[in-house]
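Asks: Residue strings, one per chain:
Protein chains: 2
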Amino acid sequence: MPSAGRTGVGTNQEDVRRHNLGTVLGHVHRAGRISRAELTARMGLNRSTIAGLVTELESLGLTEQVKPSGTRISAGRPSVDVRTRAGAYVLATDVRVDGLTVARVGIGGAVEARATGPIPSSHDPEAIGDSVVELMRLVVKDVKADAALVGIGVSVPGIIRAEDGLVRFAPNLGWHDVPFAQILADRITTPGRPVLGNDADLGALAEHLRGAGVGVDDLIYLSGEVGVGAGVIVGGRPLEGSGGYAGEIGHLPFTPDGKLCHCGSRGCWETEIGAPAIALAVGCPPDRVAALDEFLNGVSEASPDLRTVGRNLGRGLAAAVNLLNPRVIVLGGYLRALYPLVSEDVDAGLGAHALTAPRELVKVSVPGLGGDSVLLGAAELAFGALLRDPVACLATACHDVESVLAS
Amino acid sequence: MPSAGRTGVGTNQEDVRRHNLGTVLGHVHRAGRISRAELTARMGLNRSTIAGLVTELESLGLTEQVKPSGTRISAGRPSVDVRTRAGAYVLATDVRVDGLTVARVGIGGAVEARATGPIPSSHDPEAIGDSVVELMRLVVKDVKADAALVGIGVSVPGIIRAEDGLVRFAPNLGWHDVPFAQILADRITTPGRPVLGNDADLGALAEHLRGAGVGVDDLIYLSGEVGVGAGVIVGGRPLEGSGGYAGEIGHLPFTPDGKLCHCGSRGCWETEIGAPAIALAVGCPPDRVAALDEFLNGVSEASPDLRTVGRNLGRGLAAAVNLLNPRVIVLGGYLRALYPLVSEDVDAGLGAHALTAPRELVKVSVPGLGGDSVLLGAAELAFGALLRDPVACLATACHDVESVLAS
Numbered sequence: 001m002p003s004a005g006r007t008g009v010g011t012n013q014e015d016v017r018r019h020n021l022g023t024v025l026g027h028v029h030r031a032g033r034i035s036r037a038e039l040t041a042r043m044g045l046n047r048s049t050i051a052g053l054v055t056e057l058e059s060l061g062l063t064e065q066v067k068p069s070g071t072r073i074s075a076g077r078p079s080v081d082v083r084t085r086a087g088a089y090v091l092a093t094d095v096r097v098d099g100l101t102v103a104r105v106g107i108g109g110a111v112e113a114r115a116t117g118p119i120p121s122s123h124d125p126e127a128i129g130d131s132v133v134e135l136m137r138l139v140v141k142d143v144k145a146d147a148a149l150v151g152i153g154v155s156v157p158g159i160i161r162a163e164d165g166l167v168r169f170a171p172n173l174g175w176h177d178v179p180f181a182q183i184l185a186d187r188i189t190t191p192g193r194p195v196l197g198n199d200a201d202l203g204a205l206a207e208h209l210r211g212a213g214v215g216v217d218d219l220i221y222l223s224g225e226v227g228v229g230a231g232v233i234v235g236g237r238p239l240e241g242s243g244g245y246a247g248e249i250g251h252l253p254f255t256p257d258g259k260l261c262h263c264g265s266r267g268c269w270e271t272e273i274g275a276p277a278i279a280l281a282v283g284c285p286p287d288r289v290a291a292l293d294e295f296l297n298g299v300s301e302a303s304p305d306l307r308t309v310g311r312n313l314g315r316g317l318a319a320a321v322n323l324l325n326p327r328v329i330v331l332g333g334y335l336r337a338l339y340p341l342v343s344e345d346v347d348a349g350l351g352a353h354a355l356t357a358p359r360e361l362v363k364v365s366v367p368g369l370g371g372d373s374v375l376l377g378a379a380e381l382a383f384g385a386l387l388r389d390p391v392a393c394l395a396t397a398c399h400d401v402e403s404v405l406a407s
Numbered sequence: 001m002p003s004a005g006r007t008g009v010g011t012n013q014e015d016v017r018r019h020n021l022g023t024v025l026g027h028v029h030r031a032g033r034i035s036r037a038e039l040t041a042r043m044g045l046n047r048s049t050i051a052g053l054v055t056e057l058e059s060l061g062l063t064e065q066v067k068p069s070g071t072r073i074s075a076g077r078p079s080v081d082v083r084t085r086a087g088a089y090v091l092a093t094d095v096r097v098d099g100l101t102v103a104r105v106g107i108g109g110a111v112e113a114r115a116t117g118p119i120p121s122s123h124d125p126e127a128i129g130d131s132v133v134e135l136m137r138l139v140v141k142d143v144k145a146d147a148a149l150v151g152i153g154v155s156v157p158g159i160i161r162a163e164d165g166l167v168r169f170a171p172n173l174g175w176h177d178v179p180f181a182q183i184l185a186d187r188i189t190t191p192g193r194p195v196l197g198n199d200a201d202l203g204a205l206a207e208h209l210r211g212a213g214v215g216v217d218d219l220i221y222l223s224g225e226v227g228v229g230a231g232v233i234v235g236g237r238p239l240e241g242s243g244g245y246a247g248e249i250g251h252l253p254f255t256p257d258g259k260l261c262h263c264g265s266r267g268c269w270e271t272e273i274g275a276p277a278i279a280l281a282v283g284c285p286p287d288r289v290a291a292l293d294e295f296l297n298g299v300s301e302a303s304p305d306l307r308t309v310g311r312n313l314g315r316g317l318a319a320a321v322n323l324l325n326p327r328v329i330v331l332g333g334y335l336r337a338l339y340p341l342v343s344e345d346v347d348a349g350l351g352a353h354a355l356t357a358p359r360e361l362v363k364v365s366v367p368g369l370g371g372d373s374v375l376l377g378a379a380e381l382a383f384g385a386l387l388r389d390p391v392a393c394l395a396t397a398c399h400d401v402e403s404v405l406a407s
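Protein chains in written order, with full-length UniProt numbering: chain A, 1 to 407; chain B, 1 to 407.
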């Protein structure tokens with residue numbers, strides 16, 4: 001296929017070095033611990049260049065070198081392992097209809113502290129901003145003095161304009177064009193503005209990097225919250241669509257002249273597998289629908305109505321399988337609690353409607369990161385600036401977070 | 001987002017030069033004629049480098065420099081236009097259920113000669129290979145003595161294994177695992193093996209490069225032949241899926257417990273908008289279904305049944321719009337003839353089921369390349385080797401095509 005206008009090669013040496021520094025850090029960040037020999041192989045650079053980059057990351061307080069843990073004997077000089085050090089962290093926030101979660105996540109991806117709280121019932125963005133900052137104060141209390149806050153990442157169940165973090169539309173919060181990144185920036189005086197992402201997109205990102213989709217270039221993450229959205233990775237890259245609206249899988253036309261959907265249409269897939277439909281099928285009272293996953297965890301056997309939901313889940317997945325040919329489909333949110341109850345019915349619905357060739361390739365899975373996919377995706381989003389250019393990011397990072405979050 | 005393991009930068013100068021040479025040629029090939037100033041701007045290289053590359057392409061017989069055609073006055077030295085020369089061509093083949101088309105397509109993308117013929121009714125691959133070669137002989141009769149055959153591209157309505165041109169499955173030809181690239185290679189002794197592609201993927205490619213999707217990074221091309229397939233471009237790149245099976249949009253689950261589909265499932269979208277369904281709705285006799293587009297061209301007004309097909313077409317498109325958020329949907333094959341008859345119904349079906357935000361961004365269109373999208377996509381596929389490395393490709397190109405095609 002013809003090249004699509006790639007520009008000529010000609011790069012500044014310092015830019016290349018910073019790019020490579022960030023790439024090395026990215027490998028260590030995702031692996032947690034990795035040998036220098038493996039870094040050399042993955043980067044396609046020579047040993048001395050890698051050694052120099054690793055030394056620079058060490059001097060920045062981001063990584064450290066340790067003796068390899070195993071006792072394997074191999075030819076030549078033994079390699080050295082590189083692992084992350086607790087010198088940098090991000091604050092990740094998951095804004096859900098049923099609550100708020102904030103975590104402090106260290107370089108390397110481990111959750112160092114976590115706090116959860118209710119979401120203000122008004123769903124007022126300013127009030128939610130206040131609550132998020134209160135939770136942030138809780139998770140930074142015991143942060144090490146020499147650790148730097150390098151980013152803030154936030155998941156919102158809605159459509160986000162990436163460049164400025166405007167929430168274009170979040171139906172289940174009742175938000176239209178809410179400048180939520182700015183609302184947070186007004187409360188947290190870090191140099192870098194908080195970065196926002198869509199919940200399903202972030203779930204897909206985290207599962208791709210650290211969960212059920214590691215090494216998988218074609219993956220769909222379904223976020224079952226109130227409705228159903230999808231984060232899609234194709235050919236190793238996020239599927240965005242021409243306006244950033246891709247992944248609205250809950251609104252697949254599913255049942256002709258079916259139930260009215262909150263989007264205004266009839267018969268969307270979501271009317272058959274959304275939280276209200278499942279609640280009805282399992283007898284979950286209306287006031288507990290927001291915590292449907294907990295209710296489902298208490299169900300021991302699927303009723304015929306719930307099995308119908310499972311079959312409809314599989315039939316809709318077949319649409320995605322035939323169109324996108326993914327390798328893995330991760331069922332997140334309440335679908336994670338639903339799947340074990342109705343996996344046979346999901347498989348039956350999928351088998352009846354997916355073509356054989358893509359059906360044979362796809363694996364339906366619960367998240368590898370449990371209930372943390374979206375939260376950890378928000379953390380990865382926040383680490384983006386550090387991994388693009390560690391030197392520049394650390395130069396403006398925040399070392400006195402408690403004062404920054406002072407009310 | 002973290003970088004996905006890009007290796008360190010460090011490239012051979014000669015590789016870079018050849019890459020840039022191919023990229024310049026690609027710009028001229030797609031534009032037909034382009035100023036050197038514009039090439040300089042698009043490539044991000046300096047004027048003297050561009051001048052050197054253009055001179056090399058000229059010495060290879062691929063392009064020539066001419067005075068600009070316009071009378072615009074601009075500051076500084078006037079630029080020079082570069083246009084393609086008839087020094088290289090490909091042979092493009094479109095294998096359809098209703099016939100065969102072969103074209104000689106010159107660098108620059110113009111069809112220089114074309115021949116069509118029936119497809120052997122047995123659909124026997126060897127017999128089809130013979131017919132293709134006979135058509136090729138017709139289109140090369142008046143080829144210029146100094147022109148080089150640089151590639152052979154073939155469209156097949158099926159799933160292709162890219163690396164060796166094995167047709168995994170072409171339901172409407174009854175093919176399973178047919179080595180059609182090898183069958184052609186056995187008959188045409190050019191150095192390069194024929195390159196095969198899926199019809200819808202090639203339609204999408206050509207419409208993206210030269211048709212209704214120029215400058216559009218998110219595009220869907222629907223090939224209405226007997227069934228309906230999709231070629232999808234997302235973020236400027238073809239959507240392939242984990243096994244190359246993506247785009248099977250005809251098998252979207254559409255009508256619960258609907259009509260039996262040839263794939264073995266029930267209620268696929270294709271059972272409502274495929275050629276047999278349309279033929280039934282317009283009273284097209286069974287022996288003319290293969291040329292349904294011609295029949296539709298003779299229909300002046302849509303019957304209520306045909307309008308239902310149009311509405312179902314729109315409802316299915318809504319699934320693609322909500323999931324993929326394309327900028328353009330191109331209706332190819334018989335859908336091109338159908339659309340003008342039922343465009344209001346298509347719009348109504350789409351409007352009732354697509355979300356507002358992606359609906360506002362998408363344009364439904366007939367092909368910019370008329371009935372030639374797939375054929376020209378096969379030509380683009382064939383030009384791939386030349387555009388990747390003009391020097392290496394021309395070194396092995398064929399200058400005596402008539403002997404190569406001798407029986």
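To be clear, the hints were calculated from the coordinates, so they are not data collected in a lab. The C-beta atom is built at its ideal place from N, Cα and C for all residues, glycine as well. Treat each hint with caution, since some may be false.
Stated by the list, open to error - What the simulated footprint calls covered on chain A by chain B, stretch by stretch (three residues with Cβ under 8 Å from a Cβ of chain B suffice, anywhere in the stretch; the number is not a length):
(1) 236-249
(2) 255-263
(3) 318-327
Said to hold, decoys possible - Not everything, but these chain A residues come out facing chain B in the computed CB check (under 8 Å):
(4) E58
(5) D218
(6) R315
(7) A352
(8) H353
Asks: So, against the hints stated earlier in the document, which numbers end up violated here?
Replies: Number 4 - this is the single hint that the structure violates.
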